[in-house]
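A.B. asks: Next come the chains, spelled out residue by residue.
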Amino acid sequence: MKGTNLGELEELILLIVANLYDDAYGLAIKKQIIEKCRRSVSISTVHATLHRLEGKGFLLSKYDDTASASRGGRPKLLFRVTSSGEEALRHSRSLRNDLWSTIPDFVFGKN
Amino acid sequence: MSQSLPPKWIIRLLTRMLDPYKLDGIYGDLLEEYNLKIEQSGRRRANWYFLIASIKMLGHKGLRRKYTPQGTRSRRPVLWYQLKLSTRYIRRNLLFSTVSALGTTFSLIGVILIGFYLSKEFSYDDFFSDQDQIYRVIPVYHNESNDRPMPGAPPALAPLLTGKNPAIAQVARFYISDINSTLGYEETTFVENRVFYADSSFLEILDFPLVSGNRSTALDEPNSVVLSKAYAVKYFGKADVAGELLRFNNDRLLRVTGVIEVPENSHLDIDILMSFSTFIIPFGYTDDMTSWRWNSFFTYVKLHKGSNREALEQFIAGVWESNQDRDRDISIRLQPVADIYLDSEEIYHPYFASHYRTGNLVVLKGLIGAVILILFIAGFNLMNLSSASLTRRGDNLNIARVLGSRPETLFSQFFLESQLLSLGGLALALATIQLFSVEFSTMIGYKIDLLQQGQASFIPLLFLLTVVYTLVPLIQPLLTLSRSSFGKTLVTNQKFGSAKSVVMIFQLVVTAVLLTTTLMVKDQLTYVAEKDLGFEQEQVLVAEVMGTELEEHYSLLRQQLLSNPHVNGVSRSKYALNGKSGGSPLKLETQDDSESFGVAVYESDYDFLEVMKIQLLSGRAFSREIKTDSAQGIILNKKAAILLGLNESNAVGSRVQLLDWEKTVIGVVDDFHYASLHGEVRPLAMVLPFTHTTKVLIKMNPGDLSETVVAIGETWKTALPQVPFDFRFLDSAIDQLYQQDRQFSQLISTFAIIAIAIALMGLYAVSGFLIQLRLKETAIRKVLGASFSSILRLLSERFFLQLMISVLISVPVSYVIASQWLQSFSYALAPSAALILIAILIIITLGTTTILWHSWRVAVLNPSKNLRAE
Numbered sequence: 001m002k003g004t005n006l007g008e009l010e011e012l013i014l015l016i017v018a019n020l021y022d023d024a025y026g027l028a029i030k031k032q033i034i035e036k037c038r039r040s041v042s043i044s045t046v047h048a049t050l051h052r053l054e055g056k057g058f059l060l061s062k063y064d065d066t067a068s069a070s071r072g073g074r075p076k077l078l079f080r081v082t083s084s085g086e087e088a089l090r091h092s093r094s095l096r097n098d099l100w101s102t103i104p105d106f107v108f109g110k111n
Numbered sequence: 001m002s003q004s005l006p007p008k009w010i011i012r013l014l015t016r017m018l019d020p021y022k023l024d025g026i027y028g029d030l031l032e033e034y035n036l037k038i039e040q041s042g043r044r045r046a047n048w049y050f051l052i053a054s055i056k057m058l059g060h061k062g063l064r065r066k067y068t069p070q071g072t073r074s075r076r077p078v079l080w081y082q083l084k085l086s087t088r089y090i091r092r093n094l095l096f097s098t099v100s101a102l103g104t105t106f107s108l109i110g111v112i113l114i115g116f117y118l119s120k121e122f123s124y125d126d127f128f129s130d131q132d133q134i135y136r137v138i139p140v141y142h143n144e145s146n147d148r149p150m151p152g153a154p155p156a157l158a159p160l161l162t163g164k165n166p167a168i169a170q171v172a173r174f175y176i177s178d179i180n181s182t183l184g185y186e187e188t189t190f191v192e193n194r195v196f197y198a199d200s201s202f203l204e205i206l207d208f209p210l211v212s213g214n215r216s217t218a219l220d221e222p223n224s225v226v227l228s229k230a231y232a233v234k235y236f237g238k239a240d241v242a243g244e245l246l247r248f249n250n251d252r253l254l255r256v257t258g259v260i261e262v263p264e265n266s267h268l269d270i271d272i273l274m275s276f277s278t279f280i281i282p283f284g285y286t287d288d289m290t291s292w293r294w295n296s297f298f299t300y301v302k303l304h305k306g307s308n309r310e311a312l313e314q315f316i317a318g319v320w321e322s323n324q325d326r327d328r329d330i331s332i333r334l335q336p337v338a339d340i341y342l343d344s345e346e347i348y349h350p351y352f353a354s355h356y357r358t359g360n361l362v363v364l365k366g367l368i369g370a371v372i373l374i375l376f377i378a379g380f381n382l383m384n385l386s387s388a389s390l391t392r393r394g395d396n397l398n399i400a401r402v403l404g405s406r407p408e409t410l411f412s413q414f415f416l417e418s419q420l421l422s423l424g425g426l427a428l429a430l431a432t433i434q435l436f437s438v439e440f441s442t443m444i445g446y447k448i449d450l451l452q453q454g455q456a457s458f459i460p461l462l463f464l465l466t467v468v469y470t471l472v473p474l475i476q477p478l479l480t481l482s483r484s485s486f487g488k489t490l491v492t493n494q495k496f497g498s499a500k501s502v503v504m505i506f507q508l509v510v511t512a513v514l515l516t517t518t519l520m521v522k523d524q525l526t527y528v529a530e531k532d533l534g535f536e537q538e539q540v541l542v543a544e545v546m547g548t549e550l551e552e553h554y555s556l557l558r559q560q561l562l563s564n565p566h567v568n569g570v571s572r573s574k575y576a577l578n579g580k581s582g583g584s585p586l587k588l589e590t591q592d593d594s595e596s597f598g599v600a601v602y603e604s605d606y607d608f609l610e611v612m613k614i615q616l617l618s619g620r621a622f623s624r625e626i627k628t629d630s631a632q633g634i635i636l637n638k639k640a641a642i643l644l645g646l647n648e649s650n651a652v653g654s655r656v657q658l659l660d661w662e663k664t665v666i667g668v669v670d671d672f673h674y675a676s677l678h679g680e681v682r683p684l685a686m687v688l689p690f691t692h693t694t695k696v697l698i699k700m701n702p703g704d705l706s707e708t709v710v711a712i713g714e715t716w717k718t719a720l721p722q723v724p725f726d727f728r729f730l731d732s733a734i735d736q737l738y739q740q741d742r743q744f745s746q747l748i749s750t751f752a753i754i755a756i757a758i759a760l761m762g763l764y765a766v767s768g769f770l771i772q773l774r775l776k777e778t779a780i781r782k783v784l785g786a787s788f789s790s791i792l793r794l795l796s797e798r799f800f801l802q803l804m805i806s807v808l809i810s811v812p813v814s815y816v817i818a819s820q821w822l823q824s825f826s827y828a829l830a831p832s833a834a835l836i837l838i839a840i841l842i843i844i845t846l847g848t849t850t851i852l853w854h855s856w857r858v859a860v861l862n863p864s865k866n867l868r869a870e
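Chains as they are written, first to last, in my numbering: chain A, 1 to 111; chain B, 1 to 870.
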């Protein structure tokens with residue numbers, strides 16, 4: 001059984017897949033990361049991460065039936081977040097919220 | 001949208017290697033991105049980008065196609081399995097493997113070292129452009145008894161050659177002055193004991209790399225000087241010094257017109273090169289630039305391409321004969337500049353001994369021989385070991401063949417194994433050389449650094465050599481393998497033994513010979529170091545002084561030095577017993593010119609014989625009381641007296657002619673060794689100085705050395721404050737004469753050690769193997785009641801026999817080889833029987849220990865252990 005904890009990039013990609021909903025394929029995810037986070041990431045890293053997440057059971061993949069010329073007629077491999085993926089995201093968020101809420105006021109100052 | 005496609009081969013690669021399920025999705029993404037890139041930055045960059053993205057994609061294991069171990073075709077090539085088998089075999093037979101790998105390592109170290117040494121020796125003067133058109137003029141003097149070639153020619157010759165023959169492009173004279181002079185810049189002044197003069201075309205003929213200046217004009221003007229880069233730095237602290245001025249002998253200014261680079265592999269070791277017009281004939285010399293008998297001028301000619309050398313030799317001889325002032329029978333030889341370094345043995349003359357660099361062909365041949373022998377020893381080792389390993393695996397191989405292995409597969413398996421070992425050996429050799437590069441560099445006198453570009457370039461060649469070299473010894477065992485039929489043990493014990501005995505004997509003989517040679521070389525060098533030279537070299541300081549300075553102040557200096565309690569005696573001389581001397585023809589007054597012969601001339605002052613403890617055989621030394629001595633007195637050595645047809649008892653009083661001077665022999669001295677022991681003592685004449693002497697010889701009283709030197713230095717300073725006290729010890733100066741021999745000795749002993757190590761390792765492995773083959777036999781014998789000693793004898797008998805045969809062969813061979821080398825010394829030890837005995841004892845001891853060790857181990861074993869496992 002693979003570990004179910006999320007890496008930083010994994011969490012990011014999982015969230016983006018959820019955001020993109022029905023157009024979550026490799027290149028679109030890459031574009032989102034570049035736009036939202038202003039960090040450069042290669043298409044191979046994206047695919048490798050997607051593969052890892054799929055292996056952990058957080059993502060499901062299927063091919064769509066469109067075909068565009070710019071893709072050389074190849075279909076897109078679309079990803080969808082599974083319920084265990086959703087659970088992992090929620091867990092990670094609540095963990096953060098918890099930790100944030102218990103930080104004493106004087107540490108970061110008032111805001 | 002455009003529909004451009006990236007390079008096909010990348011697509012094919014992706015298709016083959018990506019997970020088939022993901023392929024469309026990933027490839028589609030890559031293509032989409034590719035098309036975007038084409039729009040942004042063009043096709044070329046997009047292609048690159050696509051390639052890199054694809055490679056990265058394939059770098060992720062999860063995205064690649066997964067292979068299943070099932071299926072008809074194994075995905076791993078045969079080579080992989082063979083490699084695995086080989087490494088496994090190597091590991092299991094660590095002793096055999098180590099021995100053959102180390103053998104390769106040692107022999108390759110030898111090859112690499114000698115390779116460097118040879119490349120250095122043969123590279124002399126190869127940096128001159130058109131070196132095949134440059135020659136040195138060698139006049140050969142003929143008289144009834146012999147031909148005497150000289151490296152130098154008279155100064156009158158060169159000007160007569162310029163422009164007189166269409167074959168000659170340029171001519172230049174080159175003169176080496178070892179009269180001390182001073183050079184100074186601002187506050188610094190140095191005494192220089194070697195200054196060179198050359199005609200203006202010299203730098204165009206011998207085109208040393210120029211750092212600054214113009215090679216065709218640098219030596220045109222009087223008072224011009226060209227410095228080597230090292231000397232430019234010595235005087236000015238920088239290399240680019242053209243136009244600067246130097247004080248010469250404190251009475252002239254020289255302009256630096258150029259700086260040259262003098263490579264280490266140049267036969268001329270030039271530091272200070274002055275224009276020929278600067279040259280002033282030294283004080284006391286009777287000849288001038290029109291002389292035909294002052295043979296001190298190297299004369300270089302550059303020919304036009306395709307000129308006939310022989311015709312030119314005759315032309316020059318013709319010019320000489322029609323212009324010379326007296327009748328001498330000469331011919332001319334033109335020596336190619338590339339031959340000067342290695343091929344000047346014949347024209348050796350003590351006067352020129354330190355004027356140019358020469359190599360030693362005998363040493364070169366000896367080393368090449370040693371390396372070839374080592375290659376043979378190591379090669380035979382490989383052969384023996386691979387035969388042994390085949391024998392050992394006889395059953396193994398038979399089974400493989402029964403199961404359908406083709407012979408080629410077995411061959412390649414076997415080949416791979418040996419290559420793995422030898423390439424491991426090569427790697428180890430290279431690592432060792434790089435690790436000890438400093439030590440090896442000093443040993444061969446050539447800077448080794450394998451990481452340097454030029455030196456690394458030979459590594460592929462070495463790689464090839466290693467492959468071939470380790471392949472050759474495999475041929476014989478492999479042939480045996482291919483010929484043998486099923487079922488039979490491949491190589492039987494008996495067969496293996498008899499064929500290999502010869503090889504083993506050969507190895508032992510070579511080892512013994514190398515060892516003997518090494519011991520003899522060492523012995524001879526000790527002999528040279530301790531031989532009575534006919535004078536006392538210990539406790540003598542040689543101080544270098546400017547000639548003119550010494551002339552003025554010598555008597556004062558001498559008095560002061562003699563009053564120092566540390567000083568035993570003081571004299572002065574032009575030459576100081578380390579090989580150099582002047583030279584002139586000598587004959588009896590009554591004899592004809594053609595009967596004269598060359599003698600070395602020593603200009604030495606009163607007291608010289610006494611200070612140096614040179615033995616007078618008859619007559620007397622020079623005396624201050626007898627006024628005629630300075631003009632007419634001459635002292636000969638025994639050799640010169642005999643060549644005049646006299647002997648040591650009747651020579652005194654004879655009238656002789658040295659060059660133009662008539663002299664009376666006042667004494668005869670014993671033949672002392674004023675030059676290296678490589679040559680016989682040549683005839684010598686001693687006269688009181690008529691030119692400037694430059695060396696003060698100070699004999700010290702025994703006592704604390706450093707204290708004595710300091711005290712003498714103090715005295716010197718009070719007597720001659722303007723001249724630095726620049727001294728050497730005579731014995732260390734003489735020791736310099738044997739530097740090349742020491743290098744040879746070091747190299748040959750290294751090789752001997754290498755050879756012994758390889759041979760012993762071979763003996764150890766092979767005898768161990770053969771004895772192991774008889775484990776069962778010995779066990780049964782023991783069970784049947786054989787005694788420990790009888791088994792020991794049984795096992796080691798054959799090896800002892802081989803050892804003894806080797807010893808018998810090696811004695812005469814060592815003797816012959818050692819006496820060959822010793823012949824290069826005129827004063828050599830006889831090849832000593834004791835040394836041969838020692839060498840052989842060493843071999844016998846080491847060999848016996850090895851064999852007994854194996855035999856003993858087998859003989860003490862409990863027989864049940866060996867019989868159990870059947």
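Simulated from the structure, these hints should not be mistaken for lab results.
One thing to keep in mind: the hints can contain errors.
The calculated label-pair distances, taken between Cβ atoms and stated as ranges, are [stated by the list, open to error]:
1) E35(A) / G59(B): 24 to 32 Å
2) R45(B) / L60(A): 32 to 40 Å
3) F108(A) / A456(B): 42 to 50 Å
4) A456(B) / E35(A): 48 to 56 Å
5) L60(A) / W48(B): 28 to 36 Å
6) R45(B) / D65(A): 31 to 39 Å
The beta carbon of each residue, even a glycine, is placed where N, CA and C say it ideally should be.
A.B. asks: None of the hints should be skipped; say for each whether it holds.
C.D. replies: Do the hints match the structure? See the list:
no. : hint                          : result
1   : E35(A) / G59(B): 24 to 32 Å   : holds, 26 Å
2   : R45(B) / L60(A): 32 to 40 Å   : holds, 36 Å
3   : F108(A) / A456(B): 42 to 50 Å : violated, 60 Å
4   : A456(B) / E35(A): 48 to 56 Å  : holds, 50 Å
5   : L60(A) / W48(B): 28 to 36 Å   : holds, 35 Å
6   : R45(B) / D65(A): 31 to 39 Å   : holds, 33 Å
Figure legend: structure checked against the earlier numbered hints; the only hint not met is number 3.
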